[in-house]
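Asker: Sequence:
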Amino acid sequence: MDVTRDSSQRPDHLPKALPPALPERSASGSSPLAKVLRTSGPADSGPPTTPLAVLPGPTGSSADPRDPLEAAEPAARTVQVAPPPLPVGDPFPVAEAVPAGTPAAATSRRPPRADQALRERNAAGLPGWVALLALLLGAAAVLLVLVRDGVVPHWDALPDLRADAVRASGRAEVTTRSVAAVTAAGLLVVLALAGLLANAGGETRVLTRWGRYRGTVRRTGLVWVNPLLRRRRVDVRLRHWRSEPAKVVDRTGTPIVVRLLIVWRVKDTARAVLAIEDHESYLREQVQAVLTRTASILPCDSNAAPGPALRDGQWFADELTRALAAEVAPAGLEVYSAQPLALDYAPEVAESMRRRRLADLDAGLRTVLVDDAVEAAALAVRRLERATAHELDEAARSALMEHLLVAFVAPAGVAASVPPPAARAGRKEGRPA
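If you're matching positions, the sequence shown starts at 1 in my numbering and goes up one per residue.
Honestly, the hints are just simulated from the structure, not real lab data.
Treat the hints with care, since some could be wrong.
Estimated spans, in silico, between C-beta atoms of each pair [said to hold, decoys possible]:
no.	residue 1	residue 2	range
1	409	242	45 to 53 Å
2	124	249	34 to 42 Å
3	152	238	47 to 55 Å
4	117	306	17 to 25 Å
5	235	322	31 to 39 Å
Yeah, the Cβ is synthetic: ideal placement off N, Cα and C, and Gly gets one too.
Input sequences plus hints: build the corresponding full structure.
Answerer: The following block contains the structure:
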C-alpha cells in the first residue's frame, strides 16, 4: 500500500483521514466551542449576530477553510443556537449586565426631585402711597360730584360749588353724567382699598389666581397688589424647633432616645406653599426618617469595641444636617443645623447599659493599674540591683516582683501572702506544698 498517496484520492467507501489531534483544532480556534464563543460574543457587545450560511464546496478542496468535521455536517444543522451555560470555574466567564432598576444596581436612595418650573419670583405691585393717593382722589371726586348736584347741603361758611341750575332751583338735580362719575370714583376707591395689604417684617405673601402662582411679595410695609389675587401669608423668619424624644436604634440594635434642635427657615415660598400640602408637617416627618437612618450607622458608645460612635465629636450633628437639608430642599426649606440635645438609652435598657459601661470602665481601670504596678515593680527591682551592685537571680527577682505587685495592687487593709519559691516550684511539678 502506497502511503504517499493523497487521502483525497481514496475511494468513497473509505473514511477520510481525521485531523492530527483535537487539541490543535482547539488551539487554532476552529473547534465548535470556539465557534460558539465567537458568534455569541460578550453579552453587551450589541445586537445578536446572524448565523453564517454554510456554502457547499468540493470535498477535500484546499479552498475550503472549514474544519473537516464541520464540513461533514449537513447545512440544516448550521442554525444559530444559544450559548450553553458555562460550568462552574470556567476560565472565560461572560459578564452579565445588571439592569438599572434592580436593587443591586441602585447605589443609594435619592431625595425627591423638585419642580424646576416652580420657583419664587417677585410679584407685580405698587407702593402703598400710590393706592392711598388714588383713594383720596376718588373720595374727593365723589364728594365734589355730590356737592355740585346739591345732594350734600350747602354751608354758608364754605364756598358755593353748586352748579348754576342747582343754585337757581334750590334743589338737588342728579344727572346721568353725575351717576357715571360717582360710580367710576367709587370703583376707584374700592379697588384701592381691596388691593392694599400691610406686610410685616419677616413675612411674605404668596399670590395665586385660580391655582396658578403669580409671585411673592417680600416688600415690607404698605403694598398694593391686584385685588383679584389670593394671598397666603408665609413666615420666612429664622425658626427653631425642638423635637419630641424620638426612639430609634443604633448599629448594634440597642434602642436609644434622641431629642433634636432644628434651626430652619423657608427659602422658596412658592415651593413651600404649592409643592407640598404642609411644609411644617413634612419637616417633622423627614426629621424622624433621617434620624432613624443616621443613628443606625454607628453604635451609641464605643466602650467594648474601639471605633467611632454617635457620642464622639460632631459627626452625628453634621450628618443629620447634611441629610436633612437634602431631603427638605425640594419643599423650599433650608436647614442650618440639626443638633442632638439629648442622646440616651431607652428606659428598658438604660440600667443594663449603665452597668455594662461601669464594668468596661472598671476593667479598663484595672488594666491600667496592673500595667502601672508591673512597671513600678520592674523599676524598683532595677534600682535595687543598681543600689546594691548585686544582680539577683531569676527566682529571687520573680519573688521580689510578686511581693511588690501584691503590695501595689492589694486593697488597703488587706494582708495578702505570697507562697515561698519552694511551694511554687512544688506546685508546678505536681507535688503537694
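Asker: Let me make sure I understand: some of the numbered hints might not hold for this structure. Which ones are they, in numerical order?
Answerer: Hints 2, 4 and 5 are the ones this structure does not satisfy, whereas the remaining hints hold.
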